[in-house]
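Numbering (numbering that gives the first Met the number 0), first residue to last: 0 to 85.
Read the hints as simulated data drawn from the structure, not as lab findings. Among the hints, erroneous ones may be present.
Derived lysine-lysine pairs resembling DSS-like cross-links, with alpha carbons at most 27 angstroms apart [claimed, not checked]:
hint, residue 1, residue 2
1, LYS3, LYS31
2, LYS73, LYS62
3, LYS42, LYS55
4, LYS55, LYS31
5, LYS7, LYS47
6, LYS40, LYS73
7, LYS7, LYS31
8, LYS42, LYS62
9, LYS7, LYS74
10, LYS54, LYS74
11, LYS3, LYS42
12, LYS74, LYS62
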Amino acid sequence: MAGKGAAKRHIQSLRRRMRNRMAVSEVRTSVKNFITAVDSKNKEEAEKAFRFVVKKIDTAAGKGIFHRNTVARKKSRLAKMLNRLA
Numbered sequence: 000m001a002g003k004g005a006a007k008r009h010i011q012s013l014r015r016r017m018r019n020r021m022a023v024s025e026v027r028t029s030v031k032n033f034i035t036a037v038d039s040k041n042k043e044e045a046e047k048a049f050r051f052v053v054k055k056i057d058t059a060a061g062k063g064i065f066h067r068n069t070v071a072r073k074k075s076r077l078a079k080m081l082n083r084l085a
């Protein structure tokens, strides 16, 4: 049987996993909303959604959920999509 320390560690890892999954899910949802705004050719709505997505991605990166290069790549691709609207 695992010791007390191992059991506690397991519970902590499950908690962290749920927190990380929630953050990743929030990012995915906000990206989807941004893409919907871009597809509808609504520049104002897309810019608002872009700012929200960037905020979510940066927050997740600050918590160590995404690697900084992943964040840079995602933001770059989204910015490209936004700039194509102009």
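Now the hints, each set against the structure:
no., hint, verdict
1, LYS3 <-> LYS31, "violated (42 angstroms)"
2, LYS73 <-> LYS62, "holds (17 angstroms)"
3, LYS42 <-> LYS55, "holds (20 angstroms)"
4, LYS55 <-> LYS31, "holds (13 angstroms)"
5, LYS7 <-> LYS47, "violated (42 angstroms)"
6, LYS40 <-> LYS73, "holds (20 angstroms)"
7, LYS7 <-> LYS31, "violated (36 angstroms)"
8, LYS42 <-> LYS62, "violated (30 angstroms)"
9, LYS7 <-> LYS74, "violated (37 angstroms)"
10, LYS54 <-> LYS74, "holds (10 angstroms)"
11, LYS3 <-> LYS42, "violated (55 angstroms)"
12, LYS74 <-> LYS62, "holds (17 angstroms)"
Hint compliance for this structure: hints 1, 5, 7, 8, 9 and 11 are not met, and every other hint is.
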